[in-house]
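Each chain, letter by letter, is given below.
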Amino acid sequence: MRTLSIATEILGKILHLSTFLGILRDLLRIRAFAVGLIGILALTIFSLIGGLVTSYDRTYAGAFDPQLPPNPRNPLGTDLLGRDIYAQLIYGLSNSLAIGIIAGAIGTLLGTLIGITAGYFRGFVDSVLRLFIDVNLALPSMLVLVLIASYFRGLDYIGMALIICLFNWAWPARQVRAQTLSLRERDFIYLARLSNMGRFEILVREIMPHLTPWMVANFVNATISAILTESGLSIIGLGPQRSMTLGMILHWALSYAAIYRGLWWWWATPVIFLSIIFIFLYLIYMGITRYFAEREVFA
Amino acid sequence: MSSPFFIKYFLSRLGFYILTIWITLTLTFIIPRLVPGDPITAALSMLSEAGALRGSQEIVDEYKKLFGLDKDMMTQYLSYLGQILRGNLGISITNFPSSVSTIIATALPWTIILLSTSTIISWILGTFLGALAGWRGIEKKRFELLSVAALLLYIIPYYIVAILILWLFIYTIPIFPRETGYGSINLTLESILDALRKSSLPALSIVISSMGWWFLSMRSLIATVKREDFILMAEAKGLKSSTIMWKYGFRNALLPQITGLTLALGHITAGALVTEIIFAYPGIGWLLYQSILQLDYPVIQGIVILITFTVATANFIVDTIYPLFDPRIRR
Amino acid sequence: MGEEILSIKDLRVSYLTRRGEVKAVDGVSLGLYKGEILGIAGESGCGKSTLAAAILRLVKPPGIIKEGKVLYRGKDLLKLGEEEFRLYRMTKIAYVPQGSMNSLNPVMRIRDQFMDMLKDHGLKIKKEELEERLREILSSMGLKTSILDRYPHELSGGMKQRTLIALSLIMNPEILIADEPTTALDVVSQRGVMNILRDLKDQRGTSIILITHDMAVQAELSDRMAIMYAGKIVEVGPTEEIYNEPLHPYTRLLIESIPSLGDEKPRKSIEGIPPDLVNPPKGCRFHPRCPFYIPGKCDTQEPMLIQISGGRGVACLLYS
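Chains as they are written, first to last, in the numbering used here: chain A, 1 to 299; chain B, 1 to 331; chain C, 1 to 320.
No lab work stands behind these hints: they were computed from the structure. For glycine and all other residues, C-beta sits at the position ideal for the given N, C-alpha and C. Don't take each hint at face value.
Which stretches of chain B does chain C cover? Using the computed rule of at least three CB atoms under 8 Å from a CB of chain C, they are [claimed, not checked]:
| no. | segment |
| --- | --- |
| 1 | 230-243 |
| 2 | 246-256 |
Restraint ranges, calculated between C-beta atoms of paired labels, are given here [unchecked claim]:
| no. | chain 1 | residue 1 | chain 2 | residue 2 | range |
| --- | --- | --- | --- | --- | --- |
| 3 | C | Q307 | A | D187 | 30 to 38 Å |
| 4 | B | Y9 | C | E136 | 55 to 63 Å |
| 5 | B | Y9 | C | E154 | 47 to 55 Å |
| 6 | B | L11 | A | L191 | 38 to 46 Å |
| 7 | C | D186 | B | H267 | 43 to 51 Å |
| 8 | A | D187 | C | R135 | 28 to 36 Å |
| 9 | B | T172 | A | P72 | 23 to 31 Å |
| 10 | B | Y9 | C | R150 | 18 to 26 Å |
| 11 | B | D326 | C | N195 | 45 to 53 Å |
| 12 | C | R73 | B | K141 | 34 to 42 Å |
| 13 | B | D326 | A | M197 | 57 to 65 Å |
| 14 | A | G123 | B | L11 | 47 to 55 Å |
Make a model of the complete structure from these sequences and hints.
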């Protein structure tokens, strides 16, 4: 019963629309954030609407004549196998963003939970968790993912997101742990403990709200890192073969020597769109950190 | 150096280092075995689907012998660890009966040369430019521009820079020939020149990609140092501004910049590997790419183990040496 | 009194902040005579440190020296070129900073921090002579030459402070500006530093500008004093005379706040809050806290610094 009421309260706090909108409005005043957010929203809308104008069978081999430069029927041309690149872009864009956001969200949530637990309970629990975090950070994530992905081929984009999550939680965990360690010494926590709040309750009601800035910043960061990882793995040939992502498009372009064949529309499309995704996401991240730095939240 | 504090620190770093290696080895043991069936059969079945097989029964027997696949998990694990620690990384499937170590050894020098020269060059360039930008930055407009460029380079992934350079210098302005991923190093002049030619574009790509981070990092470090009391005092001493910038500012910002190398090493290595693939440069990255295509699992595994070991060792060495350089820690 | 070697005329230094222009030094005129210790006293934020920074041209943005002259032997220091003035630092005018915890370069040995200063000033001395000078100056500070091979973090606070003083004296400057030299120290080190300063004046004839809010230290060391409040000088004159008969109400309150042995009750501190330097009080800046405040007069007219008798000056409407 108690848990239920706490859960609804978290939800209420998270969905506290008026404060949320207020923060959003202030954030939008920071130019970096505004540009980045609008950019990502534009890309998302583009991939959703663009999907209405096209259909998936345009991405099948042989749908069109191969190696066609951009023309009225194929706005971005076709590749070596006669697939429409514009269609590939639409589906690739949404999958790439989806992987990023899913992996980013799970990783941040996981990392935050682990970080809070380690920071709040300290002692043995903290030592163990800290070791987990440090080892995870010390391992070369890309290589272990290469290992995993090479044995588990045929992943779809969800599977991809999940294996990426294995590694992107550690950095948020470390940050959140450090923050929790300092927060728990503050007076309001002491008061909460005196007023006989359960430990779990304190964690959720008192500490978590203060960690929101970090959670948000970490989420954006984790999303960027996830898309980076996915595209990197795809280029090596370990991407989600069953889904289309921007990384996969680039992989095919490289495998079929698109650059040497002069099929610039084929490789330039994923390159350009990946670049602008990273730029926009990073602008959002810069905006968020500047917003919180100005309010002296980030020490 | 033999103070109790340092010994305790050294031992903890050593312990962590050993732990990391052990966990990596364990992961490389476990992951193949998570696939249904035993790892070799799984690999071979995928290969036979792709229609590329040679001496299959020999391979299976060899492996069963080497890794005791017929025995229980624990014995397998221990013999696996024993083999690895003895330097036996297994036998390649595609290039049977060559050992994984031999195959990696041909590609390794290429990667080492590329990675070390690129990292050193980009670190030096980035650090110095970043120092200048951070120290004098507020006045000059051109440093603002540099900072934006550095940020851009930091954000753009390694492979995109590599693709653009490839396109620019091989396709558009054919200064360089297209590489095929084949290369052997011997001591003839021709071979050395060939190696230089092969490595110049990948090196350029890696330098450009990683320089941004060094620039931004040093710039922020020096800007922080600039606000310290001893900088004001240095000025009050009537020191020349160049003395203040280099001996008081730069030197203090340098130490954390050096430790930054350890943190970035893993990231740069991954970027270098992908760059090699784009340029068909005959290093470990290209080998990895080929092995993935040809489903040569022992080689993939061998590379993962090797790189992890190298990065962990490099980090361990820097972690150990760093306290010796910082007079403040040296107790 | 000897000749006037430093003459500050109508100096104005402000900090341009987002809140507005903070007038930290607002029309200060002062003279320093050869061989004297001139004390500058006042509470935190009154502008004394900014004054020191201005003389040494160490004012950093958003601070800016707006107008005024700082005449050293006839030359206006504020008008000299950067490189020319650089050579004056520590050779003619030396500086000992406040709170010396972090004023030494953490990654250089003490010896090198002396040497680079000498080198950048183009001083060419023979090695033996240099070692002798170092040894002499360090021992006059009560420091052993072994500290030369140490790093700053290996020294205590008192040792660091004395090292900084040694640093400031090694090139025999004519003027020493000491900014709160005793404030961050323990009582024993304080006494040591005070003795050093006194010897400097007596034996080397160095003129010292001693900046400190500690009125007890001022009483012991300064020959003459200038009291600052809200960026202006409110009283100036020989220390003994000021202590015997403080003219400005603020001076009186400052002196009364010095505790002494045998006090039964705790001393009164000065009431009110420090003035806002962006929008200072109208008229006399001290009037909101002044026990002798005359309504209608003190809040409209600004008092000027007037000469009372030889060398004694005060800026208060009670005397004009």
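Falls inside 55 to 63 Å, the C-beta gap from Y9/B to E136/C?
With a Cβ separation near 41 Å, Y9/B and E136/C fall outside 55 to 63 Å, so the hint is violated.
Should the hint that R73/C and K141/B are 34 to 42 Å apart at their CB atoms be regarded as holding?
Taking Cβ atoms as reference, R73/C and K141/B lie about 40 Å apart, which means the hint holds.
Starting from the range 47 to 55 Å, see whether the pair Y9/B and E154/C falls in it by beta-carbon distance.
At 19 Å between Cβs, range violated.
Please test the hint of 38 to 46 Å on the beta carbon pair from L11/B and L191/A.
holds, 42 Å
Regarding D186/C and H267/B, is the given constraint of 43 to 51 Å on their beta-carbon distance met?
holds, 49 Å
For the range 18 to 26 Å, tell me whether the beta carbons of Y9/B and R150/C fit it or not.
Given about 22 Å between the Cβ atoms, the range holds.
Against the range 23 to 31 Å, how does the distance between the Cβ atoms of T172/B and P72/A compare: consistent or not?
Check passed, 27 Å falls within 23 to 31 Å.
Return holds or violated for the Cβ distance of Q307/C and D187/A against the range 30 to 38 Å.
Violated: the Cβ-Cβ distance is about 56 Å, outside 30 to 38 Å.
Whether chain C covers the segment 230-243 of chain B (at least 3 residues having a Cβ closer than 8 Å to its Cβ atoms):
That given contact holds, which follows from 11 residues of the segment 230-243 of chain B lying within Cβ reach (below 8 Å) of chain C.
Within 57 to 65 Å or not, the Cβ separation of D326/B and M197/A?
With Cβ atoms ~44 Å apart, the hint is violated.
Taking the CB of G123/A and the CB of L11/B, does the distance hold inside 47 to 55 Å?
violated, 22 Å
Pairwise beta carbon distance, D187/A to R135/C, judged against the given window 28 to 36 Å
violated, 54 Å
In the structure shown, a violation is registered for the earlier hints numbered 3, 4, 5, 8, 11, 13, 14, in ascending order.
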